[in-house]
Amino acid sequence: MKKYSVFAIAREAMRGHKGWEEQWSSPEPKKEYDVIIVGAGGHGLATAYYLATEHGITNVAVLEKGWLGGGNTGRNTTIIRSNYLYDESAGIYDHALKLWDGLSQELNYNVMYSARGVMMLAHNVHDIQVLKRHVHANRLNGIDNEWLSPEQAKEFCPPLNISKEARYPVVGAALQRRGGTARHDAVAWGYARGASARGVHIIQNCEVTGVKRAANGAVMGVETSRGFIGAKKVGVVAAGHSSVIMNMAGVRMPLESYPLQALVSEPVKPVVPCVIMSNTVHAYISQSDKGELVIGAGTDQYVSYSQTGGLHILQHTLDAICEMFPIFTRMKMLRSWGGIVDVTPDRSPILAKTPVPGLYVNCGWGTGGFKATPGSGNVFAHTIARDDPHPINAPFTIERFRTGRLIDEAAAAAVAH
Amino acid sequence: MLLIRCPYCEEERPELEFRNAGEAHIARSANMAGESDDDFEKFFFIRSNPKGIIYERWRHMHGCARFFNAVRDTVTDKFVMTYKAGEPKPSKLPKNSNEVVAK
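Protein chains in written order, with this note's numbering: chain A, 1 to 417; chain B, 418 to 520.
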């Protein structure tokens, strides 16, 4: 792997940019690997990267039915934060946030992590109580979060409407300054490049169609659209399709898959300096470095794999955006799309061993997995390499739905994860 | 937005009038306190989440307010048929959903 640097740019500028190499190779699949990761999104590629860098396991294949980073990694609104209520969630999301800081240097790839602050708005007494509870819980866990008055919120984000005449007036806000955004595609590409350079095979257009198990139940490998590939360890990181893959291994999951939509506006000059979220009116918005307003909508109410969603869902979100930011009422929206999110009953992820020996699963990130990408891959690699969870992901088992030891962020997390 | 046929109102109405109520044909135990942890998990948390044909409950919230069941393809979001609550899970599905709706 050639290192990217200012000197590399100067050198290539002299030679007409003919010396850039492919960022990752696309080898033919081998007959057998030590570990197979199903799904080449951010979480899967990060898992492969940390298997190689932290555990010395490089005989790894990452199988992807479509193209790398083409699922929810390329469809989210790129928000990063760790201000979750419960200790377990704080542990894993802040582990990720610490890895975001410095990830560009680690990967030698600019993931454009920008700690521009995530501000969550309160519109009524109940919101104030919930958000202040978060602020205090976060501080006890060593996570930065602070309370702002409406005037301070306006100062931090000038286009915000804090008029008392608004239908849902802003009465306060919680601000996590370390929160922000990153370039979603670059995260997948950076991890792919790093993993590929260490010998990991990234195999695109290779759909897993079955999971083969030995007589004793252990995993032997996967059937794919490009033939059988053997491995004694298989990690399923297939987002909305995780339950489909797990069914192939005979494991039924506590998951349901829903379409989640997002949209972007025409590009404009910098106007939104941070990420704004509001649970009550259900809207979240930031501005990309290209200038587009990036707006997240809600999920549809029914199970679907259609990667689209109802127009009324988008309309509802835009109503809320126009209420909070009257200056955007005449903005034109350029594109909208949907991704399929796998949601657990307690809205917390599952990163764990499974009842099947050699089969591991990293799923259930629901509507908020992007922010966790580095931390999720990091502890999942540990789980696969050691056949034992990392202390950070130890609470995120499948068994918690039997024992009742839930991590119930469902009511506690911001609606827009 | 989906167009959904309520089998009680016998009319196709926009999705906004309805609430999805999750997977259908999950029987609730008559003796919930006696359920084992395993059985309770299956009843309460485990879902089939199929990619393809799903049997699901809907409620015509802003119409007759009654629950009914539907068969839908989760890839195309097209309804195959809807039927009244309490009717058995259809063993055979009609080939053309439109014929069923028009009936």
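A portion of the hints provided could be inaccurate.
Said to hold, decoys possible - Output of the computed footprint for chain A on chain B, the stretches with three or more beta carbons under 8 angstroms from beta carbons of chain A:
{"id": "1", "stretch": "430 to 436"}
{"id": "2", "stretch": "488 to 494"}
What the hints assert, rightly or not - Quick list of simulated restraints, FRET-style, between CB atoms:
{"id": "3", "chain 1": "B", "residue 1": "T493", "chain 2": "A", "residue 2": "K212", "range": "28 to 34 angstroms"}
{"id": "4", "chain 1": "B", "residue 1": "H479", "chain 2": "A", "residue 2": "K30", "range": "24 to 30 angstroms"}
{"id": "5", "chain 1": "B", "residue 1": "T493", "chain 2": "A", "residue 2": "D319", "range": "27 to 33 angstroms"}
Read the hints as simulated data drawn from the structure, not as lab findings. Every value quoted in this text rests on a predicted model; they were computed, and no experiment measured them. Using N, Cα and C, we set each Cβ at its ideal position, and we do this for glycine too.
Original post:
Holds or violated: 27 to 33 angstroms for the Cβ distance of T493(B) and D319(A)?
Top reply: holds (29 angstroms)
Subject >> chain A over the stretch 430 to 436 of chain B, status - at least 3 residues with CB closer than 8 angstroms >> reply: It holds, with 3 qualifying residues against the three required.
**OP:** For T493(B) and K212(A), compare the CB-CB distance with the range 28 to 34 angstroms and indicate the outcome.
**Re:** holds (30 angstroms)
Original post:
Cβ-Cβ distance between H479(B) and K30(A): within 24 to 30 angstroms?
Top reply: violated (57 angstroms)
Original post:
Would you say the stretch 488 to 494 of chain B counts as covered by chain A, given the rule of at least 3 residues with C-beta under 8 angstroms?
Top reply: Held - the stretch 488 to 494 of chain B has 5 residues with a Cβ nearer than 8 angstroms to chain A, which meets the minimum of three.
Hint 4 alone, counting from the list given before, is not met by this structure.
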